[in-house]
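With these hints in hand, go ahead and build the complete structure from the sequences.
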Amino acid sequence: MDQQLFVFVTVAEKKNFSRAAEELHMTQPAVSQYIRTLEQTIGTKLLDRNNKYVRLNKAGEIVYHHAKEILGLYTKMHDLVDDLTNKTSGSVSIGASYTVGEYVLPHIIAVMHKRYPLIHPSIMIGNSKDIAELVKKHQLDVGIIEGELQDKQLTIEPFATDFMYIIASANREWSEEISISQLEEETWIVREEGSGTRAATERMFQTFGIKPQRKLEFGSTQLIKESVEEGLGITLLSDSAIRKEHSMGLLKIVQVRELPVTREFSTVLSSPFQTKALQVFLDLVRKK
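In terms of full-length UniProt numbering, the sequence shown opens at residue 1 and continues consecutively.
None of these hints come from the bench; they were simulated from the model. Note that the structure is predicted; figures quoted are calculated from it, not measured. Treat the hints with care, since some could be wrong.
Subject to a maximum C-alpha distance of 20 Å in a straight line, what follows is the list of computed DMTMM-like cross-link-like pairs (lysine to aspartate or glutamate) [stated by the list, open to error]:
hint, residue 1, residue 2
1, 137, 61
2, 137, 151
3, 136, 148
4, 215, 229
5, 287, 264
6, 152, 130
7, 288, 157
8, 288, 102
9, 244, 229
10, 211, 184
11, 68, 133
12, 52, 13
13, 129, 193
14, 68, 2
15, 68, 13
16, 114, 283
17, 288, 239
For each label pair, taking beta carbons as the anchor points, the in silico distance ranges come out as [said to hold, decoys possible]:
hint, residue 1, residue 2, range
18, 247, 114, 21 to 27 Å
19, 151, 81, 27 to 33 Å
20, 22, 157, 37 to 43 Å
For each residue, glycine too, the CB sits at the ideal point set by N, CA and C.
In structure tokens form, the structure reads like this:
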């Protein structure tokens, strides 16, 4: 059954039997037979197909959703059993929010690769809310997120404090020190809903009672930095995210009396069982 599910997931994601067969190093008739057998087992068609496309029908969407979770648990089971007799090795799937994933995680992965070359990490970057949901569905072994999160189905452990500052173009002149309320008339560039950085920004607005009239919403920290550098507006970002541009004189930290804003970086887990590879990764994160 696990092979049938694996073939089915591959076809669903490739949206084409030929591409799926190539990915799986199988013949197209063999792929088709796996799909027919799975459909017979489930008792209904799972894919709508013609000469132009292959796509999931309603039943297929249900099976795909659960197949991803089942395959994730199956892989984790094998890794746990393998850990009993072998050296620290294997895969670890990591989900990280943008700030952590792009500016903190690479250093941790580099240390892990040097010390434990048999561990093979796969990394997905997304906003904090999406990463937490994928961990809950067992599609990721661990998540690393920013900001607050409460979920009784997850184990959430802070491991570092992040400091956030208001950032502006280096070409913009500011007074030596101002208050946040003085910035209400500025154009604010913010991240999308679900982002930990967006949550911290909205919390700052609420705490200091300001309601910016002009806000631009971008889904990328890098895009926000480049827009601020060009003078499009100001933003609130992590010190980790702007360290390089600040040292190069491209971005400026606005001296605001009420700042920095602080938040926590946290690990997110859903299973009490951890492979050695995951334990190694978590130990490195905690020592960061």
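Does the alpha-carbon distance linking residue 137 and residue 151 stay inside the 20 Å limit?
-> 13 Å, holds
Is the Cα-Cα distance between residue 68 and residue 2 20 Å or less?
-> 11 Å, holds
Does residue 148 lie within 20 Å of residue 136 when you go C-alpha to C-alpha?
-> With Cα atoms ~16 Å apart, residue 136 and residue 148 stay inside 20 Å; holds.
Given hint residue 264 paired with residue 287 - CA-CA distance at most 20 Å | Holds: residue 287 and residue 264 sit about 15 Å apart, inside 20 Å.
Is residue 215 close enough to residue 229, meaning Cα to Cα at most 20 Å?
-> With Cα atoms ~16 Å apart, residue 215 and residue 229 stay inside 20 Å; holds.
C-beta pair residue 151, residue 81: status relative to the range 27 to 33 Å that was hinted | 28 Å, holds
Does the Cβ distance between residue 247 and residue 114 fall inside 21 to 27 Å?
-> 25 Å, holds
Hey, residue 52 versus residue 13, does the alpha-carbon distance stay inside 20 Å?
-> 15 Å, holds
Restraint status (C-alpha distance of residue 152 to residue 130 at most 20 Å) | Roughly 16 Å between the alpha carbons, so the hint for residue 152 and residue 130 holds.
Distance restraint between residue 137 and residue 61, which requires alpha-carbon spacing of 20 Å or less = 15 Å, holds
With a cut-off of 20 Å on the C-alpha distance, tell me whether residue 288 and residue 157 pass.
-> 14 Å, holds
Taking 20 Å as the top limit, are the C-alpha atoms of residue 68 and residue 133 close enough?
-> 13 Å, holds
The structure is consistent with each of the numbered hints, conforming to all of them.
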